[in-house]
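These protein sequences, in sequence, are chains L and U. For any residue, its number in our numbering is found by taking its place in the first sequence, counting from 1, and adding 63. For any residue, its number in our numbering is found by taking its place in the second sequence, counting from 1, and adding 520.
Mixed in with the good hints, there may be bad ones.
Unchecked claim - Which bits of chain U does chain L cover? Going by a derived footprint, with three or more residues having C-beta under 8 Å, they are:
{"hint": "1", "segment": "551-558"}
{"hint": "2", "segment": "763-775"}
{"hint": "3", "segment": "938-945"}
{"hint": "4", "segment": "969-982"}
Said to hold, decoys possible - Here are the simulated lysine-lysine pairs, DSS-like style, with alpha carbons at most 27 Å apart:
{"hint": "5", "chain 1": "L", "residue 1": "K306", "chain 2": "U", "residue 2": "K772"}
{"hint": "6", "chain 1": "L", "residue 1": "K300", "chain 2": "U", "residue 2": "K816"}
{"hint": "7", "chain 1": "L", "residue 1": "K300", "chain 2": "U", "residue 2": "K772"}
{"hint": "8", "chain 1": "U", "residue 1": "K970", "chain 2": "U", "residue 2": "K1003"}
{"hint": "9", "chain 1": "L", "residue 1": "K322", "chain 2": "U", "residue 2": "K863"}
{"hint": "10", "chain 1": "U", "residue 1": "K834", "chain 2": "U", "residue 2": "K816"}
{"hint": "11", "chain 1": "U", "residue 1": "K863", "chain 2": "L", "residue 2": "K352"}
{"hint": "12", "chain 1": "L", "residue 1": "K306", "chain 2": "U", "residue 2": "K1012"}
{"hint": "13", "chain 1": "L", "residue 1": "K354", "chain 2": "U", "residue 2": "K772"}
{"hint": "14", "chain 1": "U", "residue 1": "K816", "chain 2": "U", "residue 2": "K791"}
{"hint": "15", "chain 1": "U", "residue 1": "K669", "chain 2": "L", "residue 2": "K322"}
Because the hints were derived from the structure by calculation, they are not lab data. All values derive from a computational prediction rather than experimental measurement. Note that beta-carbon positions come from the ideal geometry of N, C-alpha and C, so glycine has one too.
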Amino acid sequence: MQFFLNPFNAALIYAALLILAQYLTSRLLRQFFPNLKDTYRFLLSWVPPVIMWRVAMIPYIPLTPTIAVLLLMGMVSVFMSVSSQWPKWGRWIGACLLIPVCYWLAWPGVDYDWSGEKQMGTYEEMECDMLMRMKDWHQISDKYRVQESPAVECAVQLALYQTGRMSRESLYQTIYVPRGSRNRPSVFNVGGGILTVNFGSLTSAFMVSDMALMLDLPNVAQWAAFEVMEYIPNYNKSARSIKRLTETAIITGQYPLAKKYLSILEETLFYRKWAQSMRPLVEQPELIKEKPYYQQLKKAYATSEDIFFI
Amino acid sequence: MRYQIQHIIQAFLLAIILVGCHSRPTDVVRVDQLPDIYPDYVGVTIPVGIASLNFSMADDNATTIDVTIKGSVGGMLHANGNYADFDLDDWHQLVRDNKGGKLMVTVCAEIDGKWMQYQDFPIYVSRDDLEEWGITYRRIPPSYEIYSKMGLYQRDLSNFEESALLENNQSPGMCVNCHTANRTNPDQYTFHVRGKYGATVVCKGQKPPELLEPVNDSIGGSMVYPYWHPGGRYCAYSTNKTTQIFHLARNKRIEVYDNSSDVFVYDTETKTILKDTLIMMGSWAENCPAFSPDGKYLYYTTAIRQTYPNDFDKERYNLCRVPFDASTGRLGEQVDTLIAADKMGKSVTWPRPSYDGRYIMYTQTDYGYFSIWHPEADLWLLDLQTGESRPLKEVNSASSDSFHNWNTNSRWFLFTSRRDDGLYSRIYFASVDKDGKATKPFMLPQRNPKTYYRRLLYSYNTPDFTARRIEAQSRQMSRYIEKSERINTIVKTE
């Protein structure tokens, strides 16, 4: 979930989930322990929301387990209301039996393939990626002085260029590192007529895709977007990747393909508006001329030399 | 209270029913053009027994479609809804009744509240039976280097049911290559598994599959592209050291090539790899083996090896054949070149002889052999009686057309094509008459094809027919591959 694209909506969703967790806990405590004092019940009802909030702050854990737990709590609560005339032991057994039922209902939607920092990327990379997407170049260039991540290092060079503190020529000289010229890894290496592009993690691959487009390399952007989608540990697909693939398909003139991707994005929550705004470009490619950003990239793609990259 | 709940439920059910009802054509305006439907089933030829050709209007603004099909011999079908969804039993009955005839399809579509009726179009029902239960294929994202979920699947062609033969998410890191049966016989097959649980799986009859060591240094790699000898004892494989590089421009994405490749024959009874220097020449890259249907020849492609990446577009494969003696398991001494493609500045790949021995269908590209990344890749048909070769213009498209295979009676073939959107390969079927003329191909039917194919971010790969359902189950196969011991093969050099 890329909530930072719309922080207000994201805050609303999280607030709704946490309030729901608190309400359900309070309700369940009343149903299972009717003699519990109101003060204790109120205090205990805040334990699950606090745990869920803490879990939600860990970037490697998806939101789906939290929703699955809420679903279970909701089902148990409804069951307890419906079975109010049952004997106490029957209600307890019924509530326990609901756990496997809920698991059976919810398991297809729960992400089990949680990945660690190595695959998802460091916090620094995630933050830098977010700043890049928000085009906050000043913060990128000022914040990251010593960069361990090649992708962040590359982003800083781009930020210096974007803020007018580096020329295009200097940017190319800095970003395209001659192969074997230094010990540290870098994103773009050149040598022997081949461009080597490296990305270490899912997040840095997203960054590489963004940076490649800024460097007029749509095929590299396309490659990185494709690879990052295959890198997702739970085999899901990424709307962000599909958005990038739509852009590269438009730039490289693959309009039927762009149409397919737009159809998928039009069914998503966060990318629907963007997809709808792009559809005219795909249906009538001559309209691309009115979009300087894509027109310039199309021109660069058509005139650039075809070397290989790996 | 009870009555209130009852009323709410009744109102809810009524609402569902009303929402589920689609409008019927009224004030219909006739349009003097064929309907633009997805998939394009206009004028295609189908076999008896194929699943219903459900379709939608290609235009997303069409809210309802009303379709009537009338058989030239008799019978009628009607469908109305978001897409034409025909009752399977009624469809099969109609197609059976009209074998050798045609079905005339009348399409009305509601677009922006107005009903339009298009020109009727035919769907021809072939006299030639398919005689196959279904198909097998690999489904994989058309990605560059990293792959996530992929697997081998089988699909019943009489309906829309698909089941997994093996999926890589059951054994992490596993990658499965093409599943190859012997003349569509599901009891005899082979495929290669890469990754942690690597093996070449060889199955003959009802016995448990044999798992061969995944890599054999003496053949220079693993057993990659297979083709069974009709007798069932031998299987020819290529061994390929495959590499990829990516284009920065030129409207191309990927170049797949082999640093080296050879062809050899594997004897499943003695577990012996029969190497022959005639088809394992150092400066040549041999590839894509296929036995003739009588088992007397081994077809393969071969090219002079080039220097990559500089000469990537100079590697051109010719089609050759060499005699094979199944009684001794030995190759003959004379190699014939059937198609000298390099002389024409072209390259031949994936030769597939028809099982009746009349034709060889192959893919022709401008260079190289990995045709799915070549938009110019087209299907060609070599007539072995006349020696003439021609492009199958009836089925080819502007996108890559390749990975073809015949059905047992050699009247039908299937292939993959990227014509749908330029990237994601889909399966198409066409028939060939006794004069070698092919019919307009039709896309693998799905229940709701527009939604299904639009959402599908996977490519179909190396499809083949299967005479019967394969009983192997995905999870069992996965466990078997994880736990079973690998067999070392013996190498014999001629």
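A quick look at each hint next to the structure:
Coverage of the segment 551-558 of chain U by chain L is violated in this model, with 0 residues showing a Cβ closer than 8 Å to a Cβ of that chain against a need of three. Coverage of the segment 763-775 of chain U by chain L holds. Counting CB-CB distances below 8 Å, 11 residues qualify, and the rule asks for three or more. Coverage of the segment 938-945 of chain U by chain L holds in this model, with 5 residues showing a Cβ closer than 8 Å to a Cβ of that chain against a need of three. Only when three residues or more bring their CB closer than 8 Å to a CB of chain L does the claim for the segment 969-982 of chain U stand; here the count is 3, and the claim holds.
A hinted pair counts as satisfied when its Cα atoms are at most 27 Å apart, and K306/L with K772/U qualifies at roughly 20 Å. For the given pair, K300/L sits about 48 Å from K816/U by alpha-carbon distance, which is inconsistent with the 27 Å threshold. Of the supplied pair hints, the one linking K300/L and K772/U holds, its CA atoms being roughly 24 Å apart against a limit of 27 Å. A distance of roughly 41 Å separates the Cα atoms of K970/U and K1003/U; the hinted pair therefore is violated under the 27 Å criterion.
Of the pairs offered as hints, the one joining K322/L and K863/U is violated, with about 40 Å between alpha carbons and a cut-off of 27 Å exceeded. Proximity of K834/U to K816/U is assessed by CA-CA distance (about 32 Å); at most 27 Å being required, the pair is judged violated. With a C-alpha separation of about 43 Å, the suggested pairing of K863/U with K352/L is violated against the 27 Å cut-off. Taking the CA atoms of K306/L and K1012/U, the gap is near 53 Å; set against the 27 Å cutoff, the hint is violated.
Taking the CA atoms of K354/L and K772/U, the gap is near 24 Å; set against the 27 Å cutoff, the hint holds. At most 27 Å may separate the alpha-carbon atoms for a hinted pair to count; K816/U and K791/U meet this at roughly 21 Å. Distance check on the hinted pair: K669/U and K322/L sit about 24 Å apart at the alpha-carbon level, within 27 Å; holds.
When the structure is compared with the earlier hints, violations turn up for hints 1, 6, 8, 9, 10, 11 and 12 and for no others.
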